[in-house]
Amino acid sequence: MRLADTLRFARDAAAGYPMRTTLSVIAMSIGVAAVVILTALGDGARRYVVGQFSSIGTNLVIVLPGRSGTGGFNPANAITTTPRDLTIDDAGALRRAPAVRRAAPLAVGTSEISFGGRLREVMVAGSTAEFLPIRNFELAQGQGLPEEDWNRGSAVAVIGNTIRTEMFGNTPAIGQLIRVGDRRLRVVGVLKSVGQGLGMNTDELVIVPVALAQAMFNSNTLFRVLVEAKSRSAIPEAKEQVMEILKQRHRGEEDITVITQDAVLATFDKLLGALTLGVAGIAAISLAVAGILVMNVMLVAVTQRTGEIGLLKALGAPARTIRLAFLAEAAMLSTVGALVGYLLGQAGAFGLRQTFPVFPAYPPDWAVIAALSTALITGLLFGVMPARRAARLDPVQALMKH
Amino acid sequence: MALIELQGIERTFQLGDASVHALTALDLRIEAGEYVAVMGPSGSGKSTLLNLLGLLDRPNAGTYRLEGRDITTLSPDEQARVRSQRIGFVFQSFHLVPRLTAAENIALPMTLAGIPQKERNARVARALVNFGLDKRADHRPDQLSGGQRQRVAIARATIMQPALILADEPTGNLDRHTGEEVVNLLEALNASGVTLVVVTHDQGMGARARRQLVMEDGRLKHDSATPHNAPR
Ligand SMILES: Nc1ncnc2c1ncn2[C@@H]1O[C@H](COP(=O)(O)OP(=O)(O)O)[C@@H](O)[C@H]1O
Ligand SMILES: [Mg+2]
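Chains as they are written, first to last, in the numbering used here: chain A, 1 to 402; chain B, 1 to 232.
Calculated from the structure, these hints are not laboratory results. Incorrect hints may appear among the rest.
[What the hints assert, rightly or not] Between beta-carbon pairs, the in silico distance windows are:
(1) Ser93/B - Thr355/A: 54 to 62 angstroms
(2) Ala122/B - Arg353/A: 30 to 38 angstroms
(3) Asn296/A - Gln85/B: 22 to 30 angstroms
(4) Ser373/A - Ala188/B: 50 to 58 angstroms
(5) Ala122/B - Gly16/A: 20 to 28 angstroms
(6) Met400/A - Gly204/B: 24 to 32 angstroms
(7) Ala122/B - Asn296/A: 23 to 31 angstroms
[What the hints assert, rightly or not] Covered stretches of chain A, going by a simulated chain B footprint (3 or more residues, C-beta under 8 angstroms):
(8) 5-13
(9) 317-326
[As the list claims (entries may be wrong)] Partial list, derived from the structure: chain A residues whose beta carbon lies under 7 angstroms from chain B:
(10) Met1
(11) Pro18
(12) Arg20
(13) Leu311
(14) Ala314
(15) Asp394
(16) Pro395
(17) Val396
Glycine included, each C-beta is placed from N, C-alpha and C at the ideal position.
Required output: the full structure, derived from the provided sequences and hints.
Below you can see the structure in the form of structure tokens.
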């Protein structure tokens, strides 16, 4: 049989049994679509969290007061020494470490903000001019905290976007005097809106000079020191230098904890990799189910058509012609099914991204490839295998099943 | 050289423990151009014989020569080729492909044989006219009457210009009148030189053939071509 005739014959056969053609296309497309959407979800979750962590800053090394982590609670330590607090001068000293590009102290607390009779509770972050670049925060209006002696603290504030709308509405905020706690501060900058991130929500944050914050909260200690290493490869070095400097400043006590963003990211990446694998497992199961569905539809179809195969043989078709005709038909069904499933899946992922814009629900390439090839292979295999068997029967045996 | 030469043909079917001898010690010669009717009670082996002649089935023992060539030793694909080129089959239940039109059903053997579309169209157009189906070319089998269906089947059986046409109770599903038409068609084909073997229940129809074979219990009980009314 000629190729064009084989293809036409296969097409007519597929069109001639609309029920089973629809069934196998649906089965296959559901399987493929499930894989595409589920892996888009899993991988989207992974990307989202990694993205959130990266947005905390670049090459970050974070210093926490107190010794914690793997060492656990050490009774000897607890009796002999009281952990020293982290101070503004500690943070300043870290700026001299060769592997460190910038460092910013961070003191946090809650307070009340008021302007023009409007009042609300806010999170206050005390830091320095370098806080914004270290955390990759961007300004929508005005400027950041001034470069000044860290221990002085001018009466200024940078506010988050939500605070700005709630306090000022449509009137300009820059230059206005607000009250935070018992201080009057001038608004010098407004942060760009970023939506809900990990940790603190910067849209509802008020940033003030660190000395001012400590005075407001009546404390000398810092919540964190944020250090930015010169490069990704300098992170371990920076960590060691930070530990060394603080150890010296704290009379030989290692009473701080240093964590690197890298390590946190790596842990999360592993966790989320497992999540994606889990999702892939679910996807694989849905594909397997689709494959079995396709297999059954195809098996029933070929069994129904054993009589037709017998007739073709009686009319002089060699086994090869029959195999090719069924192969072409199975290929058409699987291709259409895989394609429809792919489009459905991409549409679903697109819908997810439209509904949750912050969530990058893109299916990973490997999942798409696995889904498409599994669908095609099961479709072809189970379309052709029973046809091969039927083509080997004596014509009269096949004919009698008409 | 005879068109068909059967010698010592045996065909047994295994049904559980019992074996059914559908054909036993069958010898038969049919010359090219003959018109043969095969008759006999139901279950006597008529269809089995026809299936063997049409290479749809294989004997358990014996030799079958078609145009001098030993057919039983051919590979399945070589047998398919012989079916395609030399043999046309007409079944009692028509066996048309339901999703194909009359024209496509008639063309099917040519399509399977890889004959180019142009030649197919020309030959199908001629066949449609010859078999009075030119108004039905685009109808599907379920839009055709029984007689029309069998005419499509006969057109399909002849489209490859075979040497031998085998018809297994071709009028079995038709009323008397349309059955008559179908037999006339087959006889006209025979008149043009094609060898015709028809299985029939109908005594009258059988009598129209120039030679009658009567089967019983898988044996040839009577062959009108042999003078003493007994198998050789
Ligand atoms: N595929 C088969 N399996 C088992 N027995 C069969 C098969 N085909 C035919 N037979 C048996 O062989 C015998 C001859 O059948 P058949 O040639 O169909 O008879 P007829 O066409 O003369 O009515 C019958 O006994 C029938 O039951
Ligand atoms: Mg019969």
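Status of the hints after comparison with the structure:
1. Ser93/B - Thr355/A: 54 to 62 angstroms: Roughly 58 angstroms apart at Cβ, these two residues keep to the hinted range, so it holds.
2. Ala122/B - Arg353/A: 30 to 38 angstroms: For arginine 353/A against alanine 122/B, whose Cβ atoms are near 58 angstroms apart, the range 30 to 38 angstroms is violated.
3. Asn296/A - Gln85/B: 22 to 30 angstroms: Distance hint for asparagine 296/A, glutamine 85/B is violated at roughly 39 angstroms.
4. Ser373/A - Ala188/B: 50 to 58 angstroms: holds, 57 angstroms
5. Ala122/B - Gly16/A: 20 to 28 angstroms: holds, 26 angstroms
6. Met400/A - Gly204/B: 24 to 32 angstroms: This hint holds: roughly 29 angstroms between Cβ atoms.
7. Ala122/B - Asn296/A: 23 to 31 angstroms: violated, 44 angstroms
8. 5-13: holds (count 4)
9. 317-326: holds (count 5)
10. Met1: holds, 5 angstroms
11. Pro18: violated, 10 angstroms
12. Arg20: Violated - the Cβ of arginine 20/A stays beyond 7 angstroms from chain B, reaching only about 13 angstroms at its closest.
13. Leu311: holds, 5 angstroms
14. Ala314: holds, 5 angstroms
15. Asp394: Nearest chain B Cβ about 6 angstroms off; hint holds.
16. Pro395: Status holds, d = 4 angstroms.
17. Val396: holds, 4 angstroms
Comparing the model with each numbered hint stated earlier shows that hints 2, 3, 7, 11 and 12 do not hold.
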